[in-house]
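S.K.: These are the residues of each chain, in order.
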Amino acid sequence: MINLETPRKFRPFIKQAHQVAEEFLRANSRKYDLAEHAYPKELDLLASLVDGMGDSGAGQGAGAAAVGNQDDDKASKGKVKNGTNMSSVLSIIEMCWADVGLLLSMPRQGLGNSAIASVANDEQLERFKGTWAAMAITEPGTGSDSANIVTTAVKDGDAYVLNGEKIYVTSGERADSVVVWATLDKSLGRAAIKSFLVPKSLPGIRVERLEHKLGIRASDTAVIVLDNCRVPAENLLGNPEIDTKQGFAGAMATFDNTRPLVAGMAVGCARAALEDTRELLEKAGVVIDYDRPAQTQTYAAATFIAMEADWEAALLLTLEAAWLADNRKPNSMEASMAKAKAGRVGNDITLRCVELAGTLGYSENELIEKWSRDSKILDIFEGTQQIQQLIVARRLLDLSSSQLR
Amino acid sequence: MATRRDPMGIGLAVLNRIASSPTIDKLKLRKTTERAVYEGAKGGFRVAGATTRAFKRVKGGGKPARLARTSDSGVFDLQPTDDQQMIVGVIKEFAAEVLRPAAAEAETANDTSKEVLAQTGDFGLTLLNIPESLGGLSEDRSAVTGVLVNEALAEGDMGQAVACLAPAAVATAISLWGSDAQQQTYLPSFAGDDVPASALAVAEPRALFDPFELATTAVENDGGYVLNGVKSAVVRGSEAELFIVAADVRGRGPTLLIVESSTPGVTIEADPSMGLRAAGLSRLLLDDVQVPADAVLGEGAADDYRECIRLSRLAWAGLALGTGRAVLDYVSDYVTTRTAFGEPIAHRQAVAFMVANIAIELEGMRLVTLKAASRAEQGLDFSREVALARRLTSEYGMKIGTDGVQLLGGHGFVKEHPVERWYRDLRAVGLMEGAVLV
Numbered sequence: 543m544i545n546l547e548t549p550r551k552f553r554p555f556i557k558q559a560h561q562v563a564e565e566f567l568r569a570n571s572r573k574y575d576l577a578e579h580a581y582p583k584e585l586d587l588l589a590s591l592v593d594g595m596g597d598s599g600a601g602q603g604a605g606a607a608a609v610g611n612q613d614d615d616k617a618s619k620g621k622v623k624n625g626t627n628m629s630s631v632l633s634i635i636e637m638c639w640a641d642v643g644l645l646l647s648m649p650r651q652g653l654g655n656s657a658i659a660s661v662a663n664d665e666q667l668e669r670f671k672g673t674w675a676a677m678a679i680t681e682p683g684t685g686s687d688s689a690n691i692v693t694t695a696v697k698d699g700d701a702y703v704l705n706g707e708k709i710y711v712t713s714g715e716r717a718d719s720v721v722v723w724a725t726l727d728k729s730l731g732r733a734a735i736k737s738f739l740v741p742k743s744l745p746g747i748r749v750e751r752l753e754h755k756l757g758i759r760a761s762d763t764a765v766i767v768l769d770n771c772r773v774p775a776e777n778l779l780g781n782p783e784i785d786t787k788q789g790f791a792g793a794m795a796t797f798d799n800t801r802p803l804v805a806g807m808a809v810g811c812a813r814a815a816l817e818d819t820r821e822l823l824e825k826a827g828v829v830i831d832y833d834r835p836a837q838t839q840t841y842a843a844a845t846f847i848a849m850e851a852d853w854e855a856a857l858l859l860t861l862e863a864a865w866l867a868d869n870r871k872p873n874s875m876e877a878s879m880a881k882a883k884a885g886r887v888g889n890d891i892t893l894r895c896v897e898l899a900g901t902l903g904y905s906e907n908e909l910i911e912k913w914s915r916d917s918k919i920l921d922i923f924e925g926t927q928q929i930q931q932l933i934v935a936r937r938l939l940d941l942s943s944s945q946l947r
Numbered sequence: 249m250a251t252r253r254d255p256m257g258i259g260l261a262v263l264n265r266i267a268s269s270p271t272i273d274k275l276k277l278r279k280t281t282e283r284a285v286y287e288g289a290k291g292g293f294r295v296a297g298a299t300t301r302a303f304k305r306v307k308g309g310g311k312p313a314r315l316a317r318t319s320d321s322g323v324f325d326l327q328p329t330d331d332q333q334m335i336v337g338v339i340k341e342f343a344a345e346v347l348r349p350a351a352a353e354a355e356t357a358n359d360t361s362k363e364v365l366a367q368t369g370d371f372g373l374t375l376l377n378i379p380e381s382l383g384g385l386s387e388d389r390s391a392v393t394g395v396l397v398n399e400a401l402a403e404g405d406m407g408q409a410v411a412c413l414a415p416a417a418v419a420t421a422i423s424l425w426g427s428d429a430q431q432q433t434y435l436p437s438f439a440g441d442d443v444p445a446s447a448l449a450v451a452e453p454r455a456l457f458d459p460f461e462l463a464t465t466a467v468e469n470d471g472g473y474v475l476n477g478v479k480s481a482v483v484r485g486s487e488a489e490l491f492i493v494a495a496d497v498r499g500r501g502p503t504l505l506i507v508e509s510s511t512p513g514v515t516i517e518a519d520p521s522m523g524l525r526a527a528g529l530s531r532l533l534l535d536d537v538q539v540p541a542d543a544v545l546g547e548g549a550a551d552d553y554r555e556c557i558r559l560s561r562l563a564w565a566g567l568a569l570g571t572g573r574a575v576l577d578y579v580s581d582y583v584t585t586r587t588a589f590g591e592p593i594a595h596r597q598a599v600a601f602m603v604a605n606i607a608i609e610l611e612g613m614r615l616v617t618l619k620a621a622s623r624a625e626q627g628l629d630f631s632r633e634v635a636l637a638r639r640l641t642s643e644y645g646m647k648i649g650t651d652g653v654q655l656l657g658g659h660g661f662v663k664e665h666p667v668e669r670w671y672r673d674l675r676a677v678g679l680m681e682g683a684v685l686v
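Here the protein sequences line up with chains A and B, keeping their order.
In terms of my numbering, the first sequence is residues 543 to 947.
In terms of my numbering, the second sequence is residues 249 to 686.
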């Protein structure tokens with residue numbers, strides 16, 4: 543039966559997540575926006591809390607680590623499920639309503655953890671439990687064309703030797719391990735690209751420097767250098783064979799799970815801006831009436847309704863992608879749709895909110911200007927707007943990457 | 249007293265109606281040669297309201313039958329019920345086999361053929377929201393089914409869909425808000441074989457029209473009410489036997505009143521518009537139209553009127569989804585087969601991204617529309633969700649319409665392809681009030 547309300551079983555947990563987000567993240571928002579690269583120590587306590595929730599099973603996936611694999615219990619077979627993909631997205635929306643940068647800094651909830659959850663085998667899942675894993679794909683010469691990476695992994699006995707430079711590694715300094723994409727053989731193309739869990743305690747991996755950014759300043763963004771770094775062979779995530787038929791699918795599977803999360807980040811961030819802007823508009827005497835035609839209302843009211851409409855579409859596309867994953871249906875196209883819509887409207891909405899709020903919105907007295915800076919990255923990382931459109935178009939029109947480049 | 253049908257039963261009942269209909273070949277494209285080409289007021293004439301039927305007043309005293317709310321399942325779910333899938337399956341086929349091929353001709357005729365209308369009557373389109381106890385098919389309220397049905401019909405042709413759905417709007421309004429007497433008087437004819445042409449008239453022909461600030465008035469007098477004003481976007485006005493008219497009652501505000509077309513002072517004026525031509529859009533001129541006191545639909549409550557406006561907008565949103573889908577499928581096919589510069593134009597990002605965005609926005613507006621519908625049938629406040637669905641289907645519906653033409657280039661501008669019709673039809677979505685209801 544079609545129903546798009548928040549699942550009943552998650553409602554108490556979301557309420558809880560919201561309170562936590564307000565106390566720990568929102569309260570420290572401006573502080574770490576101003577103090578870029580300072581370690582947000584308040585999060586350590588929160589992280590233990592999240593771990594506790596996860597271990598007790600009560601958390602229903604409080605962060606990025608929970609997506610992807612989930613058990614199929616026999617009793618619920620055939621029934622519609624609201625599972626960990628959905629609860630993770632809902633949780634991330636609450637957290638990013640509070641602060642995207644701090645959510646990204648959450649210990650042990652890195653995007654690398656999502657990669658582990660998505661592609662690791664059972665033994666690895668067990669072995670890497672509790673690690674805080676950053677994700678390292680992008681290189682100085684390779685952005686969206688991630689099949690083009692030049693970081694190499696050469697098998698040497700019971701280890702792979704990794705060499706290369708990775709940029710834009712979120713939590714690269716604070717995390718204790720990094721999931722690194724490297725090629726086993728450049729001549730074999732994307733099929734030869736594998737991901738490796740590289741503990742930062744190993745010799746040969748180092749943080750070169752940290753970026754200064756437009757937004758999400760609470761989150762550290764690192765340049766990581768791999769210099770003859772020997773990684774145990776059993777840290778290769780997924781299948782070590784080079785299967786040219788399967789191509790990139792293995793590595794890309796992570797994105798089907800992480801893109802809805804990033805879409806959720808944009809949804810949460812935009813909701814924060816909408817809430818505060820609505821309050822400011824109402825204080826200024828603007829009346830927003832859902833029943834009267836928008837064109838008969840003030841420009842501000844009509845604009846607000848238009849923003850809310852785009853926001854709602856982004857939210858529901860995000861939940862759809864998660865719902866499909868929870869019910870083990872293919873969601874690649876929907877994940878990209880969600881990321882495309884949420885990424886762009888998250889940015890549009892927050893910027894428009896600054897405009898509506900005037901110099902009040904532009905000033906550091908309010909957080910709206912900060913959200914409008916934070917939102918930009920969400921239309922870029924985990925696949926830019928344009929990459930999402932490519933993916934959607936290829937699926938829709940049944941075109942290969944050589945036909946639709 | 250009919251026994252209660254389970255959800256599967258309703259779908260079967262719909263199928264049974266189709267199977268037992270005398271025109272069993274209905275899903276085949278019909279030659280429209282039989283239909284009268286010229287009918288009454290199509291060319292801009294004015295006629296008195298159609299007077300084919302006398303509705304026999306029934307005195308009611310009991311409680312009106314009302315459809316129950318559906319219950320909140322508590323689970324986020326995008327899967328339609330088996331019952332809904334069955335109904336939608338049948339209607340999709342009807343839309344593809346009958347409505348789409350008949351669209352161009354219906355548009356030229358400024359009306360939907362009697363055969364097409366009869367067929368939708370056959371499979372009980374008007375019955376979906378009439379309670380079983382009054383000869384209808386439903387026990388529970390289902391705005392979601394309504395949206396899915398509208399979507400499926402409009403994928404064939406929005407103009408004919410509106411014509412087919414207009415009587416259902418009146419039947420649904422009487423079911424939802426009518427008194428026992430009104431239900432007993434009018435609903436049996438909607439459940440019969442010869443469904444009365446009828447229209448829900450809310451819009452008025454002026455800029456910045458607001459359905460909560462009506463210029464049409466109903467002034468109380470000894471006999472009941474006297475109506476004056478002009479209503480627009482009245483579907484198949486010249487054929488309609490029954491109207492539900494939105495008018496301002498002093499002291500009460502906007503109110504729905506039942507007006508039979510045979511009432512003196514009722515005049516219909518054809519009002520051909522840029523699109524939806526198969527819906528035979530008309531103006532309804534009310535000149536000192538006297539109606540009895542019990543013409544007020546139900547209790548005339550402000551909440552009922554508000555709900556009517558919302559459900560009507562929801563129905564229009566549902567129609568936009570169907571036509572949007574038609575555009576998406578059509579351009580997807582076109583851009584992958586049309587070549588330029590030695591390869592299919594779909595190989596260009598400028599083209600492919602437009603198609604991707606059509607799909608993204610269509611999916612987004614579909615989900616918001618379904619959320620509004622599911623809240624409506626669960627009895628939750630859905631004013632916000634309807635407003636958002638209306639905004640999206642208006643904004644992106646039109647964007648889809650215009651991109652549909654753009655992607656075909658000059659070919660999109662000529663009537664050889666249906667995209668220019670969809671362009672004109674989709675413009676209606678954000679400005680229409682009334683006419684359809686889920």
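Derived by calculation from the structure, the hints in this document are not laboratory data.
Heads up, the beta-carbon is just placed ideally off N, CA and C, and yes, glycines get one too.
Hints are supplied without guarantee of correctness; some may be wrong.
[Said to hold, decoys possible] If you want a taste of the chain A side facing chain B, the calculated C-beta under 8 angstroms gives, among others:
hint	residue
1	Met543
2	Leu546
3	Gly672
4	Lys883
5	Leu939
6	Leu941
7	Ser942
8	Ser943
S.K.: Which hint numbers does the structure go against, in order from smallest to largest?
M.R.: Going through the list in order, the structure violates hints 3, 7 and 8 and respects the others.
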